[in-house]
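*Asks:* Using the sequences and the hints given, assemble the complete structure.
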Amino acid sequence: MSKFDKLKLVLKIMPAKYFRAISNFYSHYIKGLFQRIEEHHIIVYGGGMAFSLLLSLVPFILTIFFILSQYLESGIIQMLISGIIDSTIPYPDFAEYSKEAIFKRLPEVIEYRTFAGIIGIGGLVFTSTWLFSNMRIILNKIFHTVKRKSAIVGFLRDIGMVGVLIVFITVSTFLLPAFNIIVYAADKIEYLNILRVSEVLDYLIWGIGLLVTFILFFLLFYLIPYEALGKRVPAISALWTTIMWEGARLGFGYYISIFLNTNRFYGAFILVIGILFWVFYSSCLFIIGAEIGQLFREKHPRVIK
2 MSKFDKLKLV
12 LKIMPAKYFR
22 AISNFYSHYI
32 KGLFQRIEEH
42 HIIVYGGGMA
52 FSLLLSLVPF
62 ILTIFFILSQ
72 YLESGIIQML
82 ISGIIDSTIP
92 YPDFAEYSKE
102 AIFKRLPEVI
112 EYRTFAGIIG
122 IGGLVFTSTW
132 LFSNMRIILN
142 KIFHTVKRKS
152 AIVGFLRDIG
162 MVGVLIVFIT
172 VSTFLLPAFN
182 IIVYAADKIE
192 YLNILRVSEV
202 LDYLIWGIGL
212 LVTFILFFLL
222 FYLIPYEALG
232 KRVPAISALW
242 TTIMWEGARL
252 GFGYYISIFL
262 NTNRFYGAFI
272 LVIGILFWVF
282 YSSCLFIIGA
292 EIGQLFREKH
302 PRVIK
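Those letters in the sequence shown? Residues 2 to 306, per our numbering, in order.
These aren't lab readings, by the way, just hints derived from the structure by calculation. Just so you know, not all the hints are guaranteed correct.
[To be verified] Straight-line distance between alpha carbons at most 30 angstroms, and here's what the computed DSSO-like set of lysine-lysine pairs gives: (1) K232 to K32; (2) K300 to K100; (3) K150 to K32; (4) K232 to K105; (5) K32 to K100; (6) K142 to K32; (7) K300 to K148; (8) K32 to K148; (9) K142 to K300; (10) K148 to K232; (11) K232 to K142.
[Stated by the list, open to error] With beta-carbon atoms standing in for the labels, derived distance ranges: (12) E112 to I31: 53 to 61 angstroms; (13) L56 to K32: 34 to 42 angstroms; (14) K105 to G252: 27 to 35 angstroms; (15) K300 to G248: 41 to 49 angstroms.
Glycine residues also receive a C-beta, built at the ideal position from the N, C-alpha and C atoms.
*Replies:* Rendered as structure tokens:
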């Protein structure tokens, strides 16, 4: 059967308008995405972004500890951090390893929280500039940004982004105690009895985690580039990044359990290697999400607001 005969067979089964829509979607988004990934060297960009993120992680954690320790007791801080780690790291062994490493130093950080805050904030001044400048360079290239601003303006924007993320993460951490209050009230108040079902609670926690992740990605796509993208393009990028990130969480746990646990070479380094891989994968997914947003922007240039 020739290609023409196959096309006629497809058109008999599927209306022409649906076939054209699927064909256009494939040509623009699927083929376009693979072309952009190759053109923009996603592996190189993702590696650079992951390295910058790892450098910023320690001072960022110290700063969060400093802020939380001003208002909360150590037990509550441990509960909040545990929830954040569980929702961020997709594999239980990695999560427990990270918790042990952080909780081991938590009493010292709380005791010397002023010094830890100075070190954390001072470190963020340097590492955040590197991280957000790296992200801005990547996003500006993806979104074809032509605007240029001075180094001082860029530095101030980086500091502002750090402030936004700190406020966002600090506020989001208080959602967990608030949710615990609601769960406790479910045992006392009749019209909240639906929350007593464990499956409902699991789905609710999962949904809240996805919403927080989406908002975080939206802020990054909306605030970092110099280009005025409106709200729809950052929302599309954030939506697809969240979907891919959640899918990667599920697939990554399977990959780790099958591959790394059976590979003798990785053996003792499985936890560290797994965390590094996860940061790298997350960085690549962030870039792919931006590429999808740009493809949508090119497809619908007149409806972007």
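*Asks:* Decide, hint by hint, whether the structure agrees.
*Replies:* Checked hints:
At roughly 25 angstroms between alpha-carbon atoms, K232 and K32 fall within 30 angstroms of each other, so this suggested pair holds. Only pairs whose Cα atoms come within 30 angstroms are accepted, and K300 paired with K100 is rejected, the gap being roughly 44 angstroms. Under the criterion of a C-alpha separation no larger than 30 angstroms, the hint pairing K150 with K32 is inconsistent with the structure, at around 33 angstroms. For the hint pairing K232 with K105, the CA-to-CA distance comes to about 42 angstroms; that exceeds 30 angstroms, so the pair is violated.
With a C-alpha separation of about 41 angstroms, the suggested pair K32 and K100 falls outside the 30 angstroms cut-off, and the hint is violated. Under the criterion of a C-alpha separation no larger than 30 angstroms, the hint pairing K142 with K32 is consistent with the structure, at around 19 angstroms. A C-alpha spacing of about 22 angstroms is found between K300 and K148, which places the hinted pair at or below 30 angstroms, so the restraint holds. Taking the CA atoms of K32 and K148, the gap is near 28 angstroms; set against the 30 angstroms cutoff, the hint holds.
Using a Cα cut-off of 30 angstroms, the hinted pair K142 and K300 holds, with the two alpha carbons roughly 18 angstroms apart. A C-alpha spacing of about 18 angstroms is found between K148 and K232, which places the hinted pair at or below 30 angstroms, so the restraint holds. Using a Cα cut-off of 30 angstroms, the hinted pair K232 and K142 holds, with the two alpha carbons roughly 19 angstroms apart. Taken as a hint, the range 53 to 61 angstroms holds for the pair E112 and I31, whose Cβ atoms sit roughly 54 angstroms apart.
Separated by about 36 angstroms at the C-beta atoms, L56 and K32 satisfy the suggested range of 34 to 42 angstroms. At about 30 angstroms, the CB distance of K105 to G252 agrees with the hint of 27 to 35 angstroms. At roughly 23 angstroms, the beta-carbon separation of K300 and G248 lies outside the given 41 to 49 angstroms, and the hint is violated.
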